[in-house]
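A.B. asks: So you can see what is in the structure, the chains are spelled out below.
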Amino acid sequence: MRCGKGIAGLSYSMISPTQTSIESGIRSVEDPQLCFVGQEQPIMPIEIQDHKPVVEALRDREQELSQLINMVPSHLWRLTPEGEPTFFNKRMVDFLGLDVPDMDRRGKSRLEMLVETVHPDDAAEFRDTLNRCLVSGEHFTMRYRLRRADGLYRWMSSRAEPMRNHAGRIVHWYGLCHDIDDQMHAEEALRRSQQQLQQMIDAVPVRIWSITSLDDPVYFNKRYQDHFRAVIADFEAIEDPRIETLLQELIYPEDAPEVQRTLLNCFESGRGTVMRFRWLEKDGAYRWAECRVEPRRDQDGTIVQWYGVSLDIDDEVRAQEALRNRERELSLLVDMVPSNLWRLTPEGETTLANKHMADFLGVDLQDKRQLAVVFDTIFHPDDVDAVSDVLGRCLKTGELFSMKYRLRRHDGVYRWMSGRAEPLRAPDGGIVQWFGLCHDIDDQVHAEEALRRASEQLARATQAASLAELSASIAHEVNQPLAAIVANSQACHRWLSAAPPNVERAKITAERITRDANSAADVVSRIRALFRQAPQTRSSEDVNHLIGEVCRLMADGIAAKGIRVETDLEPNLPPVALDRVQVQQVFLNLVRNGVEAMDGAMVDGARTLQISSRRDAIDAIRIEVRDAGTGFEHAERVFEPFFTTKQNGMGMGLAICRSIIESHGGRLWMANNETRGATVAFTLPLKASESS
Amino acid sequence: MSQREEMVFVVDDDARVREAISELLESLGWQAETFAAAADYVAYAKPDFPACLILDVELPDINGLEFQKQLSDDVHPPIVFITGHGDIPSSVRAIQRGAVDFLTKPVGENDLIPAVRAAIDRDRIQRSARAELAELVRRLETLTPREREVLPLVVSGLLNKQAAAELGISKITLEIHRSKIMHKMQAESLADLVRIAEKLQIPITHSRRSGSLQECPTRSP
Numbered sequence: 001m002r003c004g005k006g007i008a009g010l011s012y013s014m015i016s017p018t019q020t021s022i023e024s025g026i027r028s029v030e031d032p033q034l035c036f037v038g039q040e041q042p043i044m045p046i047e048i049q050d051h052k053p054v055v056e057a058l059r060d061r062e063q064e065l066s067q068l069i070n071m072v073p074s075h076l077w078r079l080t081p082e083g084e085p086t087f088f089n090k091r092m093v094d095f096l097g098l099d100v101p102d103m104d105r106r107g108k109s110r111l112e113m114l115v116e117t118v119h120p121d122d123a124a125e126f127r128d129t130l131n132r133c134l135v136s137g138e139h140f141t142m143r144y145r146l147r148r149a150d151g152l153y154r155w156m157s158s159r160a161e162p163m164r165n166h167a168g169r170i171v172h173w174y175g176l177c178h179d180i181d182d183q184m185h186a187e188e189a190l191r192r193s194q195q196q197l198q199q200m201i202d203a204v205p206v207r208i209w210s211i212t213s214l215d216d217p218v219y220f221n222k223r224y225q226d227h228f229r230a231v232i233a234d235f236e237a238i239e240d241p242r243i244e245t246l247l248q249e250l251i252y253p254e255d256a257p258e259v260q261r262t263l264l265n266c267f268e269s270g271r272g273t274v275m276r277f278r279w280l281e282k283d284g285a286y287r288w289a290e291c292r293v294e295p296r297r298d299q300d301g302t303i304v305q306w307y308g309v310s311l312d313i314d315d316e317v318r319a320q321e322a323l324r325n326r327e328r329e330l331s332l333l334v335d336m337v338p339s340n341l342w343r344l345t346p347e348g349e350t351t352l353a354n355k356h357m358a359d360f361l362g363v364d365l366q367d368k369r370q371l372a373v374v375f376d377t378i379f380h381p382d383d384v385d386a387v388s389d390v391l392g393r394c395l396k397t398g399e400l401f402s403m404k405y406r407l408r409r410h411d412g413v414y415r416w417m418s419g420r421a422e423p424l425r426a427p428d429g430g431i432v433q434w435f436g437l438c439h440d441i442d443d444q445v446h447a448e449e450a451l452r453r454a455s456e457q458l459a460r461a462t463q464a465a466s467l468a469e470l471s472a473s474i475a476h477e478v479n480q481p482l483a484a485i486v487a488n489s490q491a492c493h494r495w496l497s498a499a500p501p502n503v504e505r506a507k508i509t510a511e512r513i514t515r516d517a518n519s520a521a522d523v524v525s526r527i528r529a530l531f532r533q534a535p536q537t538r539s540s541e542d543v544n545h546l547i548g549e550v551c552r553l554m555a556d557g558i559a560a561k562g563i564r565v566e567t568d569l570e571p572n573l574p575p576v577a578l579d580r581v582q583v584q585q586v587f588l589n590l591v592r593n594g595v596e597a598m599d600g601a602m603v604d605g606a607r608t609l610q611i612s613s614r615r616d617a618i619d620a621i622r623i624e625v626r627d628a629g630t631g632f633e634h635a636e637r638v639f640e641p642f643f644t645t646k647q648n649g650m651g652m653g654l655a656i657c658r659s660i661i662e663s664h665g666g667r668l669w670m671a672n673n674e675t676r677g678a679t680v681a682f683t684l685p686l687k688a689s690e691s692s
Numbered sequence: 001m002s003q004r005e006e007m008v009f010v011v012d013d014d015a016r017v018r019e020a021i022s023e024l025l026e027s028l029g030w031q032a033e034t035f036a037a038a039a040d041y042v043a044y045a046k047p048d049f050p051a052c053l054i055l056d057v058e059l060p061d062i063n064g065l066e067f068q069k070q071l072s073d074d075v076h077p078p079i080v081f082i083t084g085h086g087d088i089p090s091s092v093r094a095i096q097r098g099a100v101d102f103l104t105k106p107v108g109e110n111d112l113i114p115a116v117r118a119a120i121d122r123d124r125i126q127r128s129a130r131a132e133l134a135e136l137v138r139r140l141e142t143l144t145p146r147e148r149e150v151l152p153l154v155v156s157g158l159l160n161k162q163a164a165a166e167l168g169i170s171k172i173t174l175e176i177h178r179s180k181i182m183h184k185m186q187a188e189s190l191a192d193l194v195r196i197a198e199k200l201q202i203p204i205t206h207s208r209r210s211g212s213l214q215e216c217p218t219r220s221p
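So the sequences go chain by chain: W and S.
For the first sequence, full-length UniProt numbering gives the first residue as 1, with consecutive numbering after it.
For the second sequence, full-length UniProt numbering gives the first residue as 1, with consecutive numbering after it.
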């Protein structure tokens with residue numbers, strides 16, 4: 001029986017009930033010397049019962065057993081109590097490529113030879129284990145690599161047990177080993193794949209958990225554990241991490257109840273879910289996370305496990321939030337921009353109008369259909385054809401749309417709009433849609449109209465005013481010499497009527513009368529010339545000389561104001577053909593303006609009036625009058641007739657000056673100085689007659 | 001023509017006008033001094049003659065009317081305005097502020113002579129009034145403090161005994177004071193003294209009509 005146990009798993013039923021006879025059969029074949037041992041009594045009854053000749057029967061049996069032993073898909077072997085192999089079955093012989101007799105080598109025991117067939121890495125252990133078993137009689141059991149005939153090592157699972165005789169002494173060791181190489185490799189592969197899986201689970205940048213039921217401890221992957229370790233102070237102390245306690249520790253208090261509810265609901269219903277919540281990170285900040293939970297079901301559909309994957313989506317959430325904010329802002333902007341914004345399809349169908357426009361038109365923004373209908377009826381009947389023409393052309397050609405038209409407001413009032421639209425093009429140049437803007441310019445249009453009317457009125461008024469004002473101005477200009485003439489003539493009369501007559505004084509006064517009368521006549525003729533635009537009498541004059549005259553004329557008044565006049569006159573300037581009186585008037589005006597500018601306001605620094613003359617290019621002379629006064633506050637208006645900053649001024653001065661200079665073919669302009677004051681400059685062409 | 005001790009100042013920015021007016025004035029026997037600007041006139045040391053100031057309304061440094069307003073605080077000769085284009089509001093304002101006349105250019109002798117004469121006459125009167133007042137002030141200053149107390153009581157029309165009672169002195173003493181006052185102030189009669197007091201603007205502290213002591217604010221106990 002003991003032996004039978006040694007070959008357990010083989011065709012036990014085929015073995016004869018007389019165990020010993022089988023053994024003897026085996027022995028007789030393998031070891032003829034031992035045949036006698038087998039011929040013991042128990043065989044005898046077989047012989048007696050069977051009529052067949054015993055030898056034949058034995059031969060059949062032996063044949064059968066020998067076949068069995070060789071056909072068993074394992075290696076079978078037998079050792080002496082000392083460990084010397086005495087039998088290998090055929091499979092083993094084929095595997096090793098050597099039979100027991102082949103192991104008899106000089107100087108080496110069979111056992112040593114046997115050890116040599118074991119993989120060098122396993123040989124020592126094999127020898128030791130075997131030796132230990134041989135000594136102690138323990139069962140030998142071991143896995144090792146055995147060298148095949150072709151030199152390849154294959155994993156073997158080997159077992160051997162001793163057979164003892166009646167005295168309990170070990171007679172033989174019977175061994176079996178079978179090839180487990182494929183199994184070993186499969187196991188190895190499995191182990192490796194498990195390891196890889198584990199590594200992957202631990203390495204993926206997500207936090208994974210699994211749970212069998214809510215009451216069970218949760219499995220967390222390494223990343224999750226690290227997370228907990230970083231966030232929960234005494235994480236290691238928690239024996240069985242329950243999902244509820246962990247959630248409390250980890251999830252933002254505001255989000256926790258909802259997560260709890262969702263999870264419970266999920267486990268109850270057996271459906272997966274996706275949750276978003278904020279969890280605590282190791283830096284103490286809460287970050288957004290998303291957790292997907294799915295059940296794993298077995299073939300019956302029963303849930304065996306729940307799996308959860310949590311990943312950080314904070315950046316994404318924040319980006320989305322920023323995007324949403326931006327979108328909201330933009331949409332607010334679109335709605336709040338104080339203009340009407342709209343969008344058209346390339347075919348011209350309105351697809352969007354901003355709130356401003358919807359309010360203006362009195363349309364419901366949501367109802368796109370209404371939008372389209374309304375857009376057909378909002379244009380003023382007088383404009384609708386023009387607008388559709390232009391818009392139609394733009395839609396076709398892609399050119400910018402820009403025109404003014406009237407739109408009907410919700411209350412039925414038409415208001416002027418300035419509309420513009422531009423196409424948005426795809427990279428291939430095709431128009432994706434049109435964006436339009438129309439701006440209420442109704443007030444502006446009306447204001448412009450009012451302004452135009454006002455300016456017409458003003459033009460008429462100024463015509464009248466200019467005559468009235470001008471006559472006052474003329475009156476003054478003429479009145480001064482007249483006043484002098486009247487007084488002088490009476491004085492003259494007095495001197496002559498005196499006893500004795502003072503002829504000398506009378507003469508002086510008479511001369512003055514002549515002078516002043518001429519002066520008055522000059523004014524009159526000058527004004528006449530100005531207003532008739534009659535060709536002036538031109539004389540060839542030295543500009544520097546004229547400047548000198550004016551300075552002398554004004555010297556008194558200028559000196560009285562503490563103003564210094566500096567002249568920088570280029571010598572030997574060619575004479576210019578000009579109207580002496582007119583140009584003198586210009587000089588007088590400019591000098592007076594400059595003086596008044598410096599006198600009129602509190603001006604610090606030197607009160608100096610600079611007058612310069614020089615050649616300007618080859619064909620003109622340029623004169624500049626530069627003051628250090630207050631400058632012009634309304635530089636663009638100084639040439640307007642009747643524009644004045646002086647309390648008693650009429651505002652004709654610069655306008656007249658300019659028309660005088662222009663009638664001479666020159667130019668007159670002014671500019672404020674960089675530091676202070678202003679400069680009025682004018683040119684006089686040397687060939688004035690040609691240009692006038 | 002002999003030069004009178006009278007002076008005409010002409011302020012006008014137009015040299016021709018200035019010249020002609022002064023020529024005319026001189027031919028009429030007045031001394032004339034001309035100025036192109038008001039500031040020049042102010043700076044000029046004026047002789048102590050009856051005078052007239054002919055002032056152009058449109059002056060380069062200051063408006064003539066504004067200048068008149070500035071002068072009004074000081075003693076100055078009466079003003080005759082001349083202007084190129086006079087308007088009624090300006091002339092009314094000028095006259096209200098004491099101008100003698102407001103003439104529009106051209107100004108002839110028919111307008112100028114009476115205006116200048118009237119101005120100089122007014123100045124003469126003003127001057128003599130100022131001189132008389134100065135004399136009276138000088139006399140007033142010769143009074144003793146007690147006499148200066150007595151004077152208002154006397155000119156208020158109080159009887160001697162009332163005035164004496166007012167000051168807590170005897171009637172005799174009061175009469176002595178009164179006689180000294182009459183002498184020092186060179187008053188020929190009580191009526192004369194009252195006129196002098198009026199010119200000196202001595203306040204009438206007691207009612208002359210009722211003579212009632214009840215109305216006297218400075219009544220002694």
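Hints may contain errors.
Unchecked claim - Facing chain W, from chain S, some residues (calculated, C-beta under 10 Å):
(1) V17
(2) I21
(3) E23
(4) E26
(5) E33
(6) A36
(7) V42
(8) A45
(9) P106
(10) V107
(11) E147
(12) P203
Claimed, not checked - Which chain S residues stay away from chain W? Per the calculated CB distances, all over 12 Å, these:
(13) D13
(14) R16
(15) R18
(16) P47
(17) Q96
(18) I125
(19) A131
(20) L140
(21) A165
(22) K171
(23) L193
(24) L200
(25) I204
What the hints contain is simulated information worked out from the structure, not anything from laboratory work.
Heads up, the beta-carbon is just placed ideally off N, CA and C, and yes, glycines get one too.
A.B. asks: Take the hints in turn and mark each one as holding or not.
C.D. replies: Evaluation of the provided hints:
1. V17: 5 Å, holds
2. I21: 5 Å, holds
3. E23: 4 Å, holds
4. E26: It holds, given that the least Cβ distance between S/E26 and chain W is near 7 Å, below 10 Å.
5. E33: 16 Å, violated
6. A36: 6 Å, holds
7. V42: Violated - the Cβ of S/V42 stays beyond 10 Å from chain W, reaching only about 13 Å at its closest.
8. A45: Given a least distance of 18 Å, the restraint on S/A45 is violated.
9. P106: 4 Å, holds
10. V107: At about 6 Å, which falls below the 10 Å cut-off, the nearest Cβ of chain W leaves the hint on S/V107 intact, so it holds.
11. E147: 54 Å, violated
12. P203: 45 Å, violated
13. D13: 7 Å, violated
14. R16: 4 Å, violated
15. R18: The claim breaks: S/R18 does not keep its Cβ more than 12 Å from every Cβ of chain W (closest is about 9 Å).
16. P47: 23 Å, holds
17. Q96: At about 22 Å from chain W, S/Q96 clears the 12 Å cut-off, so the statement holds.
18. I125: Nearest chain W Cβ is 27 Å from S/I125, so the label holds.
19. A131: It holds; S/A131 is separated from chain W by about 32 Å at its closest Cβ, greater than 12 Å.
20. L140: 45 Å, holds
21. A165: S/A165 is indeed farther than 12 Å from all Cβ atoms of chain W, at 65 Å.
22. K171: Non-interface label on S/K171 holds, nearest chain W Cβ at 68 Å vs cutoff 12 Å.
23. L193: 50 Å, holds
24. L200: The claim stands: S/L200 keeps its Cβ more than 12 Å from every Cβ of chain W (closest is about 43 Å).
25. I204: Given a closest Cβ separation of 48 Å, the condition holds.
Hints 5, 7, 8, 11, 12, 13, 14, 15 from the earlier list are contradicted by this structure; the remaining hints agree with it.
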